[in-house]
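K.L.:
Residues per chain are reported as follows:
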Amino acid sequence: MSKNNDFLNAVVAKYSLAEDSTEITELREARKHVEECLRAKYGDAARIRYGGSHKKGTMVSTSYDLDILCYFLRDETVAGETLKAIYESVQATLTESYDVRPKRTALRLSAKKGSDIRIDVVPGRFVNEDESDVHLHQNEGDKDYMKTNPDVHIQHVIDSEVRDAIKLTKIWRDLLAVTAKTFVLELLVIKLLVDHKDDDLEAQFRTLLEAFRDDSQSLCVEDPANSNNDLSGLIDEMRASLSTAATSTLATVDAGGWEDVFGKIEPTSDRAERIQSAARADVARVQPWAT
Amino acid sequence: MLRQQLSEHQIRDLDAVLEAQPLLRLESAAPDGYTMRGAFVLHDAEGARLDSFAVELVVPKEFPIGRPVVRELNGRIPRVLNRHMFVDGNCCIQHPVAYYLNQPSRLIDYVDGPMKSYFVAQLHFEAFGTWPHGELQHGDDGLRQLCDEKLGSTNLALVGAVASLVRHWRRAKREHCPCGSGRAILKCHHAMLNALRRWPPNAVTYLVVVANEAAKS
Numbered sequence: 001m002s003k004n005n006d007f008l009n010a011v012v013a014k015y016s017l018a019e020d021s022t023e024i025t026e027l028r029e030a031r032k033h034v035e036e037c038l039r040a041k042y043g044d045a046a047r048i049r050y051g052g053s054h055k056k057g058t059m060v061s062t063s064y065d066l067d068i069l070c071y072f073l074r075d076e077t078v079a080g081e082t083l084k085a086i087y088e089s090v091q092a093t094l095t096e097s098y099d100v101r102p103k104r105t106a107l108r109l110s111a112k113k114g115s116d117i118r119i120d121v122v123p124g125r126f127v128n129e130d131e132s133d134v135h136l137h138q139n140e141g142d143k144d145y146m147k148t149n150p151d152v153h154i155q156h157v158i159d160s161e162v163r164d165a166i167k168l169t170k171i172w173r174d175l176l177a178v179t180a181k182t183f184v185l186e187l188l189v190i191k192l193l194v195d196h197k198d199d200d201l202e203a204q205f206r207t208l209l210e211a212f213r214d215d216s217q218s219l220c221v222e223d224p225a226n227s228n229n230d231l232s233g234l235i236d237e238m239r240a241s242l243s244t245a246a247t248s249t250l251a252t253v254d255a256g257g258w259e260d261v262f263g264k265i266e267p268t269s270d271r272a273e274r275i276q277s278a279a280r281a282d283v284a285r286v287q288p289w290a291t
Numbered sequence: 001m002l003r004q005q006l007s008e009h010q011i012r013d014l015d016a017v018l019e020a021q022p023l024l025r026l027e028s029a030a031p032d033g034y035t036m037r038g039a040f041v042l043h044d045a046e047g048a049r050l051d052s053f054a055v056e057l058v059v060p061k062e063f064p065i066g067r068p069v070v071r072e073l074n075g076r077i078p079r080v081l082n083r084h085m086f087v088d089g090n091c092c093i094q095h096p097v098a099y100y101l102n103q104p105s106r107l108i109d110y111v112d113g114p115m116k117s118y119f120v121a122q123l124h125f126e127a128f129g130t131w132p133h134g135e136l137q138h139g140d141d142g143l144r145q146l147c148d149e150k151l152g153s154t155n156l157a158l159v160g161a162v163a164s165l166v167r168h169w170r171r172a173k174r175e176h177c178p179c180g181s182g183r184a185i186l187k188c189h190h191a192m193l194n195a196l197r198r199w200p201p202n203a204v205t206y207l208v209v210v211a212n213e214a215a216k217s
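Protein sequence lines correspond, in order, to chains A and B.
With this note's numbering, the residue at position 264 of the first sequence is 264, and numbering never jumps.
With this note's numbering, the residue at position 165 of the second sequence is 165, and numbering never jumps.
To be clear, the hints were calculated from the coordinates, so they are not data collected in a lab.
As the structure is a prediction and not an experimental result, all values here were calculated from the model.
Note that the Cβ used here is the ideal one computed from N, Cα and C, for glycine as well.
Treat the hints with caution; some may be incorrect.
As the list claims (entries may be wrong) - Take a look, some chain B residues computed to stay more than 12 Å from chain A by CB distance:
#: 1; residue: Gly33
#: 2; residue: Gly38
#: 3; residue: Ser52
#: 4; residue: Ile65
#: 5; residue: Arg174
To be verified - Using 16 Å as the maximum straight-line C-alpha spacing, the simulated EDC-like pairs for lysine to aspartate or glutamate come out as follows:
#: 6; chain 1: A; residue 1: Lys113; chain 2: B; residue 2: Asp88
#: 7; chain 1: A; residue 1: Lys112; chain 2: B; residue 2: Glu19
#: 8; chain 1: A; residue 1: Lys181; chain 2: A; residue 2: Asp130
#: 9; chain 1: A; residue 1: Lys32; chain 2: A; residue 2: Asp67
#: 10; chain 1: A; residue 1: Lys181; chain 2: A; residue 2: Glu222
#: 11; chain 1: A; residue 1: Lys32; chain 2: A; residue 2: Asp120
Please construct the entire structure, taking both the sequences and the accompanying hints into account.
P.N.:
Structure below.
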């Protein structure tokens, strides 16, 4: 294994979250309270499941959260009769205890007048009795609803055999502030690496970056849970950002190596001293202020 | 394609920043300005990579008179006022009066100056719990603190009134001092008037507005 490959694997390890980490423990605690809110309102009518990167094994500390899927049976009307009504009912229920920010299909929770608690709640309704496919209300896009299947997504990622590459790409996205929604980015990584599963991590990541840099206009993916879901709008939003970020990343790596992109794995023993020297060398010496 | 929407001056500014910070990139461009995003890399005194923050830098068309807006994007810095951060990730880099006192002429001077200084200060706070060059108190108290340091007074009504005389200072220095002493400025707060005369005009103009607003509230 090359030194570069070892380094990138160490990057993935550095930003991975252990099950017993403080972050996951706190998230689980927060999730428990959210579930209690939903159960208090809807009882067993709310079928609560977990999804997202935690279930898929692709969670990274640079942008972690827990997804709570709150689905209702097809003929259940306790939360409303339409998908929009269900979405708004769950939103109103959670607003009693949290600040709620609507997203495309989910509801992002923050503490009241406080910080993000890193939980997304996704309200929806099962399409039929087998409780597999679901309909979700959509706030953006051409249609106001979509049909999907979270179990298919989860299994698609687990079966991909490229979860480390997915994690590394998410870490890269977060450190370089690349505009790229996780759901689509994961599908892109899986598709681009379908013939590269046996490559090492460095080769896989280079393949991805070169595709982002050179072929951004032709990138496309399909929703494995529903081929009718049009993801082109989401990918269009990402193309330019992926391309320019990949271009600068590859140029930086070729000039100085992966450490120039991701930083050192471990802080140096003299980190505190280096920070002090940077502060002493600072010419501008601003005094931060807040209005 | 985005670059085609920028003026020659903006492109020069942009390229200078990209050369110094190669992991930043042009993210969007519009008639009212442009936005850069990426990893903002900090170096130690020897030039070795120290750390990085995921940032967004919004440069208004009127820069440098229009102030850039910087956001930290990953939530690494807690979104609390005591860390000089807004809930939406906007960084409170410096008081606007301080910006105009040292108004940059090029974007690279802002990026290598106040922006870098702010993030180095955040690293310092992470490591030691203190701000290396101090901090301004929140809101109008920060303006009072700044005026105390630069002009020797926390009386914002007075500071605003004296600052508004700068443009006509030759005539003004013989007028009664705005402090209400009954004496001519020449024999009263002349030092403040002289200090303000040496300020860049934009800093004086901004100070007049904010000091008078603060004095009223």
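K.L.:
The structure should be examined with respect to each hint, and the outcome stated for every one.
P.N.:
The hints, checked one at a time:
1. Gly33: holds (17 Å)
2. Gly38: Nearest chain A Cβ is 5 Å from Gly38(B), so the label is violated.
3. Ser52: For Ser52(B), whose nearest Cβ neighbour in chain A is about 6 Å away, the distance does not exceed 12 Å, so it is violated.
4. Ile65: Given a closest Cβ separation of 19 Å, the condition holds.
5. Arg174: About 36 Å separates Arg174(B) from the closest Cβ of chain A, which puts it past 12 Å; holds.
6. Lys113(A) with Asp88(B): holds (12 Å)
7. Lys112(A) with Glu19(B): Violated, because 42 Å separates the two Cα atoms, which is more than 16 Å.
8. Lys181(A) with Asp130(A): violated (29 Å)
9. Lys32(A) with Asp67(A): holds (12 Å)
10. Lys181(A) with Glu222(A): Holds. Lys181(A) to Glu222(A) sits at ~14 Å (cutoff 16 Å).
11. Lys32(A) with Asp120(A): Since the Cα atoms of Lys32(A) and Asp120(A) sit roughly 13 Å apart, the hinted pair holds (cutoff 16 Å).
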